[in-house]
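What follows is each chain in one-letter form.
There are 2 protein chains.
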Amino acid sequence: MARLRVHAFTLTLDGFAAGTDQRADAPFGDGVDGLHEWMSASFRGEGTGADHAAFLAGSENIGATIIGRNMFGPIRGAWPDESWRGWWGETPPYGHDVFVLTHHPRPSLPMDGGTTFHFLEATPAEVLAQASEAAGGADVRLGGGAATVRAFLAEGLVDEMHLVIAPILAGAGERLFEGLDALPAGYRVEALVPGESGNVHARIVRR
Amino acid sequence: MARLRVHAFTLTLDGFAAGTDQRADAPFGDGVDGLHEWMSASFRGEGTGADHAAFLAGSENIGATIIGRNMFGPIRGAWPDESWRGWWGETPPYGHDVFVLTHHPRPSLPMDGGTTFHFLEATPAEVLAQASEAAGGADVRLGGGAATVRAFLAEGLVDEMHLVIAPILAGAGERLFEGLDALPAGYRVEALVPGESGNVHARIVRR
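In order, the protein sequence lines correspond to chains A and B.
Per this note's numbering, the first sequence starts with residue 1, numbered consecutively.
Per this note's numbering, the second sequence starts with residue 1, numbered consecutively.
If we strip away everything but chain A, and leave its shape as in the complex, we get (with noise of 0.2 Å):
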């Protein structure tokens, strides 16, 4: 089986992975305005340090993506058609197959630069597996949201964690960190790296 890595997932200093009222034109939610700005500089082309080393990680060795239906659109509830394709554009920047976690199953979705979205209702252990085998001997990345890291890591699956800690409060919104009890078991924060934006970056291993 692959190794499956999350990469880049960013909080708030409350512990806030998206805001209130996720939707169309706010993807995260309110209330966490700045939440990537320490990935903003590896955007422009001008990342430097921890925050663009990070960055980077995040795509290295990567053969197959896993996603939640939530962070593919913001349509919830059966489709009404099949006109939404995400929110990247006709050329998403994965460049392989992404796996979405959906109740609501429907047709592949070739997209230009080489991704295909895949829709499936499985269990995580199942999408894991179908992953791995896309992803031709490299690594899985699970891309998130909250809901879809924490089912992964509450059946201990993820491999490690690269998470943010971006300087921002948010109040309210979509935690990461619910109902995991037994994450302490299975994982150990192995370094706490402060970045250039006045976040820091968390690494999380197995034991």
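Mixed in with the good hints, there may be bad ones.
[Unchecked claim] Incomplete in silico selection of chain B near chain A, CB under 7 Å: (1) G15; (2) P167; (3) F177; (4) P184; (5) G186; (6) L192; (7) G198; (8) A202.
Please keep in mind that the hints were generated in silico from the structure rather than gathered at the bench.
Built from N, CA and C at the ideal position, the CB exists for glycine as well.
Use these hints to put chain B onto chain A, whose structure you have.
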């Protein structure tokens, strides 16, 4: 009114200020071993750097302290008698008036070394007014635990808060950031600064 300051309030990376089953022989409960490791060099008289500076800042210009009842001791509900005199022995490290919030008031308790414990059933604003007067022009420190800090944060009474994030996972326990939806309206994160023990210091100040 005196400035109200929180210092050295330590959370696990997953957001817990205390673990499960807080009790006499484990005041912070289970699952949080190493939570206060960042202070151990200071306690040994060998503190350096950001950790030691943060440790020392907590007693600078403090004239009175406010704590919750659970930070005074492990007894819940009515006092069976007055034999419990705090976690700290006959010479507590405060050296000034300490106001203990409790639904079960008892007579004030003068200890050696200048500490007197006062037991009040009062609102956060009322106890802050009393502690301010006792502080005689200096600041008041808000000690904890989490429920007590939350109560003062919710009313906007805290002027600054120094948090520490320890590189450990607890999985379960008592959170600081819970039900504080309005926090971002009143406060912002000033800085995240690495310590010497794999930890991070955060300063939260008024907007």
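Verification of the hints:
{"no.": "1", "hint": "G15", "result": "holds, 4 Å"}
{"no.": "2", "hint": "P167", "result": "holds, 4 Å"}
{"no.": "3", "hint": "F177", "result": "holds, 4 Å"}
{"no.": "4", "hint": "P184", "result": "holds, 4 Å"}
{"no.": "5", "hint": "G186", "result": "violated, 9 Å"}
{"no.": "6", "hint": "L192", "result": "holds, 5 Å"}
{"no.": "7", "hint": "G198", "result": "holds, 6 Å"}
{"no.": "8", "hint": "A202", "result": "holds, 6 Å"}
Hint compliance for this structure: hint 5 alone is broken.
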